[in-house]
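Participant: Sequence:
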Amino acid sequence: TCCKRFGGTTSFLTTSGKVRYAGDYCLRDGIDGTSWYNCCRQFIPKGGSACPW
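Following the working numbering, the numbering of the sequence shown begins with 2 at its first residue and continues without gaps.
Do not rely on the hints blindly, as some may be mistaken.
As the list claims (entries may be wrong) - Using 20 Å as the maximum straight-line C-alpha spacing, the simulated EDC-like pairs for lysine to aspartate or glutamate come out as follows:
| # | residue 1 | residue 2 |
| --- | --- | --- |
| 1 | K5 | D25 |
| 2 | K5 | D30 |
| 3 | K19 | D30 |
| 4 | K5 | D33 |
| 5 | K19 | D33 |
Keep in mind the hints are simulated off the structure, nothing from the lab. Remember, it's a predicted structure, so these values are computed and weren't measured experimentally.
Can you build the whole structure from these sequences, using the hints too?
Facilitator: Structure follows, in structure tokens:
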């Protein structure tokens, strides 16, 4: 997954302060947005919106 590639850990978060939508998130600070998006596009052709892992 992209998360492992960037050295993060995947965790299921419920809706809270910073989390607007419950779901699986990649817990890692400092991930470059463009790199992340490009990684996700390889796995999900529909776009970056389906890309939390």
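Participant: Evaluate each hint against the coordinates.
Facilitator: Hints versus structure:
1. Proximity of K5 to D25 is assessed by CA-CA distance (about 13 Å); at most 20 Å being required, the pair is judged to hold.
2. Pair hint K5 plus D30 holds up; C-alpha atoms about 13 Å apart against a cutoff of 20 Å.
3. The hinted pair formed by K19 and D30 meets the criterion: a straight-line CA distance of about 14 Å does not exceed 20 Å.
4. Distance restraint check for K5 and D33: the Cα-Cα separation of roughly 14 Å lies within the 20 Å cut-off, and the hinted pair is therefore satisfied.
5. A distance of roughly 19 Å separates the Cα atoms of K19 and D33; the hinted pair therefore holds under the 20 Å criterion.
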